[in-house]
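Undergrad: Residue numbers (the numbering used here), protein chains in the order written: chain S, 1 to 580; chain D, 581 to 680.
Just so you know, not all the hints are guaranteed correct.
Said to hold, decoys possible - Only part of the chain S face toward chain D is listed, based on derived beta-carbon distances under 7 Å: (1) VAL237; (2) LYS240; (3) ALA241; (4) GLU256; (5) GLY258; (6) VAL389; (7) PRO392; (8) MET393; (9) VAL429; (10) GLY431; (11) VAL432; (12) ASP463; (13) PRO464; (14) GLU556; (15) PRO559.
Unchecked claim - Using 27 Å as the maximum straight-line C-alpha spacing, the simulated BS3-like pairs for lysine-lysine come out as follows: (16) D:LYS604 / S:LYS293; (17) S:LYS337 / D:LYS602; (18) S:LYS313 / D:LYS604; (19) D:LYS602 / D:LYS586; (20) S:LYS226 / S:LYS263; (21) S:LYS240 / D:LYS586; (22) S:LYS293 / D:LYS602.
Hint data in this document are derived by calculation from the structure and do not stem from the laboratory.
Only a predicted model underlies this, so the values are computations on that prediction, with no experimental measurement involved.
Backbone N, C-alpha and C fix where the C-beta goes; we use that ideal spot for every residue, glycine too.
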Amino acid sequence: MNKFIRVNMTTREVAMQETPEKYAGLAGRALTSTFVYDEVKPTCHALGKNNKLIFAPGFLSGTTAAQSGRISVGAKSPLTGTIKESNSGGSFSQKMAKMGIKALVIEGMPADDKFYIVKIDMNGVVLDEAPAEILNGCGNHEAIKVLSAKYGDSVGIALAGPAGEYRLPTANISFKDPEGHIRSAGRGGLGAVLGSKKVKAIILDDTGAPLSVPIAKPEAFQAAAKAFAKALVTHPVTGKALSAYGTDVLINILNEAGGLPAKNFTAGRIEWNDNISGETMNATITERGGEGKVSHGCHTGCIIRCSQWYPDKNGKYITSGFEYETVWALGADAGIKDLDDIAYLDRAMDDVGVDSIDVSVAIATAMAGGLLPFGDGKAALEAVKQIAVPTPMGRILGGGTAIVGKLCGLFRTAVVKDQAIPAYDPRAVKGVGLTYATTPMGADHTAGYAVATNILKVGGYVDPLKKDGQVELSRNLQIATAAVDSTGMCLFIAFAILDIPEGFNALVDMINARYDLALTADDVTALGKSVLKTERAFNAAAGFTNAHDRLPEFFEYEPCPPHNVVWDFTPEEIDEVFNF
Amino acid sequence: MAQEDKNTIEVRGFLHLYQAFKAKNWPVPLILPLSEAITGAQLAAQLEIPLDEIEVVFVNGFVQSLDYPIQPGDRVAFVPPGCPGPYRLALGFYAKHQEK
């Protein structure tokens, strides 16, 4: 895996090089963030010619290891102005690795207004003009069908939807999954960066590529992969709960904890949680049958299978990857009480190609600001569909939560560094609040998602409503996450390696066997620290200071019922998170 | 949060316990009479929920272990093993789990 491909959209020239020595030991987020730090001017405009977009599979992508199908995408974010890594499932990462591609960089910007398709196969890279039928508002579902018909059903596809073409700050990069549905590198507007470079889609045709990547020590790898898979299937979270209820299982739990942000962050608990919970989603899919699936993997080799196919009343597929954060934002924060309405909104956001967290929180904010009626799922759906046109309302929603809050004159706008705060109220779940405040990515729950055993010094003895121990918890979770994001692994492996040390050891053993290395757990921790420091250095050079690592002020003086707590960390305490 | 003038408790079950409650035709929430404090473990036994199917119990929105006393008027929810994410840490599940 040593091809380093650069596509210059200014000259439309392609350079296929050996991977520079500096990047040989990096992958996934570690590679994307280091590259962006090295080559992107921190003060550049994210939609200008000096930004660069990089795709990189992880250390274990293309192997037979369970959960190893995540693709990392990096650039300067047009939403936050910070460095950004966003990752996704689908088949892209595994195909890139099998084709021997360490990284794909899209740079420059064409002078003309044509959109292009970047097609990569084992013979090289070709730029085609994008078919007119997939431009100017064509939804992603139809565009994937058109591109699959043109280039083959089995190709991997990365796609800028209408929102990406229009360079809206919440535009995601959509990836075709093994069944032709959509997975997304959702956060931070990287689809707008792809659109700014006039690349409508990237096609990966791995015909002729090896079936797997080379493994330096196959027997050791197989043993470690087996131990790793065992940890995943025996743990109650990864082996049972996520496959049954998906991530939406958290609705009831966060609601009970009083940490489910509701009605544009004015409460921490709702009474209609039963309408939108993971338990109800499971029962609904089971009862409707048809094309519905309670459990589904987003990439080949996924054994956690937290995704699902949610069907309509007639059993016809509506959407998949129906995540907690989307259901929360629309169901609790925007008060849309009908799970079907939320499913159609999820599909519509996938179709126009926007981050379903930022736009859903933007909908709740728009409702608070009087742009949409509170709790009206039908009105919200029509507004989201306008992004494909785009009407002024479509552009406003596609601008994201921060822009909607400003346009509505609201002080209660739940963003950090202009990225929407997800589904965990920082007043009632304080450790997550510290991560929102300090992660280099802008408010991002997944930045502190990984957990590991005492090997990574992650302790668990905190009271969610108190400050004790939270700084250390947030710091260590962010370090562990940065490391896991570099492996190409799904972050949900973290659930198993929290409680099963053999699972974490097996993860390190797989990397060692793949490359004939002798990494230790400390090396993994050091990698996570290095990634975070690199990202923070980019942000500092872009003009970000500690003063940007703060939650919106209203959290400090508006108590969140039912616990009626406020955000009470001092600036000095928050700054301790990155004191390592 | 316990209310002195109440002699009942609200009980919920999450994950597969939600389905178990439904299978018994229990409403959500299940309202049970309670005049004196009992522990989470005693309440689980009364509801015929095996202890190994419970990781933690919420009492009035706070994560507690199964020996925590439940008072009349309390809001209770049983959570089986399976809560994902750092919330096992951030909400205190992991700490309570380790205390058992």
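Undergrad: Holds or violated: is there a CB of chain D closer than 7 Å to the CB of ALA241 (chain S)?
TA: Because about 3 Å separates ALA241 (chain S) from the closest Cβ in chain D, which is inside the 7 Å limit, the hint holds.
Undergrad: Hey, does the VAL432 (chain S) contact hint survive, CB to chain D under 7 Å?
TA: holds, 6 Å
Undergrad: Using 7 Å as the Cβ threshold, decide whether VAL429 (chain S) counts as touching chain D.
TA: holds, 5 Å
Undergrad: Less than 7 Å between beta-carbons is the criterion; does PRO464 (chain S) satisfy it with respect to chain D?
TA: holds, 5 Å
Undergrad: Would the hint linking LYS226 (chain S) and LYS263 (chain S) be met if the CA-CA limit is 27 Å?
TA: Status violated; Cα separation ~45 Å.
Undergrad: Any CB of chain D closer than 7 Å to the CB of VAL237 (chain S)?
TA: holds, 5 Å
Undergrad: Below or equal to 27 Å on CA atoms is what counts here, so check LYS337 (chain S) against LYS602 (chain D).
TA: Measuring from Cα to Cα gives roughly 21 Å; hence the hint holds.
Undergrad: Would you mind confirming whether the straight-line C-alpha gap from LYS240 (chain S) to LYS586 (chain D) stays at or under 27 Å?
TA: violated, 37 Å
Undergrad: Does the interface hint hold: is MET393 (chain S) within less than 7 Å of chain D, judged Cβ to Cβ?
TA: violated, 34 Å
Undergrad: Sort out whether LYS604 (chain D) lies within 27 Å of LYS313 (chain S), counting only the CA atoms.
TA: holds, 26 Å
Undergrad: Hey, does the LYS240 (chain S) contact hint survive, CB to chain D under 7 Å?
TA: holds, 6 Å
Undergrad: CA of LYS604 (chain D) to CA of LYS293 (chain S), is that 27 Å or under?
TA: holds, 25 Å
When the structure is compared with the earlier hints, violations turn up for hints 6, 7, 8, 14, 15, 20 and 21 and for no others.
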